[in-house]
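There are 2 protein chains.
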Amino acid sequence: MAGRGQGEASAGVGRVFFSPRSVAVIGASRQEGAVGHEIVKNLLKCGYPGKIFPVNPKAKKILDLKCYPSVSKIEGDVDLGVVAVPARIVPHVAEEAGEKGVKGLIVISSGFKEVGLEGARRERELLDICRRYGMRLLGPNCLGLINTSTPINASFAPQMPRKGGIAFASQSGALCTAILDWAAREGVGFSNLISLGNMADMDETDFMEILAEDPATKVILIYVEGIKDGRKFLEVSPKVSSVKPVVILKSGTSDAGAKAAASHTGSIAGSRVAYETAFKKCRVLQARTIEELFNLGIAFASQPLPQGRNVSIITNAGGPSIVATDACSRYGLNMAWLSPKTVEKLRSGLPEEASWTNPIDVLGDAPAERYRFALEAVFSDEFVDSVIVILTPQAMTEPLETAKHIVDLNSKFPKIPVFTVFMGGERIEEAVNLLKDAGIPVYSNPEDAASTIAGVVRYVDLLNQRVEEDVPTFDVDREAVRRIIDRVKRERRASLLSVEARQIVKAYGIRVPESELAQNVRQAVNAARRIGYPVALKVVSPQILHKTDVGGVKLNLRSDREVAMAFNEILRNANLLMPEARIFGVEVQKMVPAGREMIVGMNRDVQFGPLIMFGLGGIYVNILRDVSFRLAPLSRQEAYEMVTETKAYALLRGIRGEPSADMDSVIETLLRVSQLAADFEEISEIDINPLFVYERGDGALALDVKVTIT
Amino acid sequence: MAGRGQGEASAGVGRVFFSPRSVAVIGASRQEGAVGHEIVKNLLKCGYPGKIFPVNPKAKKILDLKCYPSVSKIEGDVDLGVVAVPARIVPHVAEEAGEKGVKGLIVISSGFKEVGLEGARRERELLDICRRYGMRLLGPNCLGLINTSTPINASFAPQMPRKGGIAFASQSGALCTAILDWAAREGVGFSNLISLGNMADMDETDFMEILAEDPATKVILIYVEGIKDGRKFLEVSPKVSSVKPVVILKSGTSDAGAKAAASHTGSIAGSRVAYETAFKKCRVLQARTIEELFNLGIAFASQPLPQGRNVSIITNAGGPSIVATDACSRYGLNMAWLSPKTVEKLRSGLPEEASWTNPIDVLGDAPAERYRFALEAVFSDEFVDSVIVILTPQAMTEPLETAKHIVDLNSKFPKIPVFTVFMGGERIEEAVNLLKDAGIPVYSNPEDAASTIAGVVRYVDLLNQRVEEDVPTFDVDREAVRRIIDRVKRERRASLLSVEARQIVKAYGIRVPESELAQNVRQAVNAARRIGYPVALKVVSPQILHKTDVGGVKLNLRSDREVAMAFNEILRNANLLMPEARIFGVEVQKMVPAGREMIVGMNRDVQFGPLIMFGLGGIYVNILRDVSFRLAPLSRQEAYEMVTETKAYALLRGIRGEPSADMDSVIETLLRVSQLAADFEEISEIDINPLFVYERGDGALALDVKVTIT
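If you read the sequences in order, they're chains H and Y.
Throughout the first sequence, residue numbering follows this note's numbering, covering 1 to 710 in sequence.
Throughout the second sequence, residue numbering follows this note's numbering, covering 1 to 710 in sequence.
Since the hints were made in silico from the structure, they are not lab data.
We put the CB at the ideal spot given by N, CA and C, even for glycine.
Be careful, since some hints might not be right.
Over the 12 Å line for every Cβ pair with chain H, so calculated as not near, a few chain Y residues [as the list claims (entries may be wrong)]:
id, residue
1, D77
2, E491
3, Q519
4, R561
5, L571
6, S684
Derived, one-sided and incomplete: chain H residues facing chain Y with beta-carbon distance under 10 Å [as the list claims (entries may be wrong)]:
id, residue
7, G33
8, S251
9, A317
10, V323
11, M423
With the sequences and hints as input, model every part of the structure.
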């Protein structure tokens, strides 16, 4: 229901912004070069079919269009308002637009959040006005937007791109301008271009949702310094990415970059790991570079999705094809094993010195016809998922004719994507332009082709992933946890005592060593007898975090006498070294056999919520960082993947004939921690280290547990 | 002495090939398009100042030059012969050239090693003829070479590049052609271009040596599928790389790529790790992609070396500068902390909204003058090692004027390299061309700039590395090892018994647990008494590799009786499970306390010799692959680096207040293994796993040792 309503709403918003029936340019100007002039000019030049209303109290006509003194004076409805007046007047004209019943506003003007506190206040005011009138808002501090189907150029960008399948939404306006200029030269087409600006109201996720419904958009590219609303992103983006590929370049991933981003737009970059995990969960591809972002955009927009990772290479030069083979291998692609029929066909038709296995070398003297022959053979091979054609300009090479054959065959074999590597300059220029015009990706070196195919295959893998959405729910003692947390809150503590932390995970069905709190020697001895020797004694105090350092831990105690002595010594040590510490008592704990040491953790990300962590535990956790992450709530499949993708998995399976460990209990621990994190928003961190994992059937034990609340 | 002689010889060879006084084109042709015609034409067209002698028995004149029926008929000396006759005639004309006294031959013709056995035989014959006459040989199966200073174009490549600082030697002829075409469009200049072909005689290292002496060459770029002579490379390349940067793209690094390379040129790709280690040792940069190879070439050829890794970014757009900051961080560069003076200057001269800390944002409306102002401030800052200038074409942007300022300042501040990122298409084209013409690197995205600077800084780091060449020599018992190896050889065994392996490392001063070989119960008990309880018993048999699996190991024996029982049980088990195994006896070994488990290994690489390995040992070695490599012989510094660059180092230093381990003994073990590998060429593998490392002062112990000989 909610989903459907949202979809309809987003379709409505999409129409308002991308194909409005009428546009008012508020702050239109007669002066060539002024933003308010360029917008009107762009609307006219692009062939926008709706009505254009320039608004300017001082002008009668702008670019031959009748000009209005204010929005309220316009006859007829106004769908979209584009605002290019000084920042301080923006709230006023927004109010007027709201009164008039304008449905969407694009605020081009800068002077808002990006310039400091006063600007932020003004942005808040603007947003409030829009909310009051039910107007949606793009910007402020943006370039505007372009849609090539309507067509509409509601921006002050000087170029209108050609039609194409790529939608690009960018937090950086300058990047839009640069890409437009680049795209004009490269002949790259766009369906939409959106400069997101400060994202006071509509953000990258809103536009993603709109673009999912846009038939002209084949792929959605996004540049952001930060996702604005993590929860919304987690809900919306998986739906979008199951319809069409979404590729995001998220900058500010380094500490230095995050600092630069914060000072630039006030974005909070957030945790790199949380972002990566969220993108993966939502089947959103993450581009590492601007080049990769657009390489993927071009590939998705123009070529069919490959069925798998088997690549066939056709080349007229050995060196570059070896480089390509290396790159395919580096990026996780396979060299396709050609079928015997294909090999036979190639062998019979190619010169003797040619290589008729993959990579197929048609030799340096290959004319276009020989390329065509090899290409046809390969396209017909059921074991080939995608094709790389490499061409270097040698004496007999026919770049243009070869390119024509490639274009022809690409349309004859519409299920197999083709990627071309034409290496050189002038001698291949015409051919390269032909390929680009036909929508065939062209690279100047083999590595870019391989890396792009790898990105495309990554999306195919994500789509094919059997997504088990089913999140198991265990029967747990929620009340017990509620009571502990409430008590800790009352006492205004953030870190829980280890006794409390253990009680919490125990209430969620995670096994912990048997233990009791003792406040004097007699209680300690009685507890030890009940639990059974040997036992360990550990001091309990909110002030003492590193118990061992203050002599607060005694292990392997085997008799009443040893327990009594240890109890007294622990108190003595604590009083001596931490005289201010509040001692709650001493914990008497069952000594347990050592197991394989793992770590299970949870860290609540401000943007995306509980981030569950799994990895090799004990002393290795810090030096090896062999860890995996997923966002809660976890499905059983996700928990399983978390374990198998670490190196610790080998240790759990058993090395050198060792028996395998109790994998099920590891997975269950992860699931129960996930449930705990989902149930209690105030828990900000959980850390089970080590989790002792025993042999199959013997379960696992959370030895040390830390819990922090906010 | 040898070095000097070699240097002179290489200078002589360099002259013969790069500035010969006369060239004979053997197989010159009147027919336009024929290789033998194009070579003569290229020699004429490039303005080669020496004499050109076309040789063709059927022609009187070729391109207006007098033609000779054979080399022997040429009046006057011939320095260089360029051969373009069918493969089967090549030996004959080589013989004639030798008779005539020709000093160098370039054999363009194909039909040699690359076409199979008969071709390989013919190549051998050709090489023998050249050797007999003292003629050096480039090729066969190559494109020829170009030198832009002489100038000479002794190739059939259709283009002559402009002059520049890059020398490029390539095993792939097609890559040469492609690069020439690309360079013509991009305006990239070259000093030399060498198509290496089959490298029957002269290889990449010979040319590297020649190019080291060439004043026009600022940087040497090499593409190879394999280094031809590992030892020669190890000797020559460090000398060259200390004079000028050497960047190598070595393909065939993946299994699939190696297979493709083998079928292409018959190159043996060799071990990827050995190559990486050798390149590092020789201070040779390894490019991972073709693009990186030439990006580095352009940077080294045109810009000064930076003093360090502190980068300053000047930009007119926030987004791209955040992307650049991320990329700098990813590639290990620092964002320079500008001096207070610079910050003050920027603050006073830039608009209020600008960012005057690094990255410096001169704002979207920055005219060229504002860029210049910021650039001058930054260039004058002593804390800035290199500068990235980012420009996106916005409304007020002046790309061409900005470029002019950059060119001007680059020459005014000749010590600080500058790298530009001009993003866009037509609007920046003129500016980009201006920058390229002025030799300033231009990239279309920030990541390429950062990755290139990182490569340049890597070279600076390698140059600055205090290279301690001193290889320590320990007093060892070489004779003992000789005797063991000789005995094993006599017995035609490849794997040594663990007793023997331990004896070998012990003879080289590496501590091993005390042990004795016992052939009956009485000997075993006596040995145990001498060694001292507790002991372990292990079966000794060349056929039994996995002793534990056959019940051939008994640990922690504490009395005569336990030893006697264990001895009998081991023999019983071995007879039962491995009835064919030849049992040499049972080893009685001192039980030793557990230490931190490391691994030390040696593997002899066919190309580069003994490759020493260090890493985390025990069960972790296989799953974590936390290992480092160096080529023997090791200096103390290298051994130290091997340890510190692994994660195991943290474990040795001590985690969580643990005492630190005996690092010195680890380093000494590495050095002694290195000496052992250097002394005995027949040892192909050494594997010490685990090496127990104790606390500082307590040394280390090689618990299990495996040695293999060839």
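Quick rundown of the hints versus the structure:
1. No Cβ of chain H comes within 12 Å of the Cβ of Y/D77; the nearest lies about 32 Å off, and the non-interface call holds.
2. For Y/E491, the requirement that its beta carbon stay farther than 12 Å from each beta carbon of chain H is met, with the minimum near 29 Å.
3. Listed as outside the interface, Y/Q519 is consistent with that label: its C-beta sits roughly 29 Å from the nearest C-beta of chain H, beyond the 12 Å cut-off.
4. Taking the minimum C-beta to C-beta distance to chain H, about 28 Å, the non-interface status of Y/R561 holds against the 12 Å cut.
5. Taking the minimum C-beta to C-beta distance to chain H, about 23 Å, the non-interface status of Y/L571 holds against the 12 Å cut.
6. Consistency note on Y/S684: stated as away from chain H, and its beta-carbon is indeed over 12 Å from all of that chain's, at 24 Å minimum.
7. A least Cβ separation of about 7 Å between H/G33 and chain Y falls short of the 10 Å threshold, and the interface hint therefore holds.
8. With its C-beta approaching chain Y no nearer than about 4 Å, H/S251 sits inside the 10 Å limit, and its interface hint holds.
9. For H/A317, the interface hint holds, since its Cβ comes within 10 Å of a Cβ in chain Y; the closest pair sits about 3 Å apart.
10. Interface hint status for H/V323: upheld, as the beta-carbon distance to the closest one in chain Y is roughly 5 Å, under 10 Å.
11. The beta carbon of H/M423 is positioned within 10 Å of a beta carbon in chain Y (closest approach about 4 Å), and the interface hint is therefore held.
Against the hints set out earlier in the document, no violation occurs for any number.
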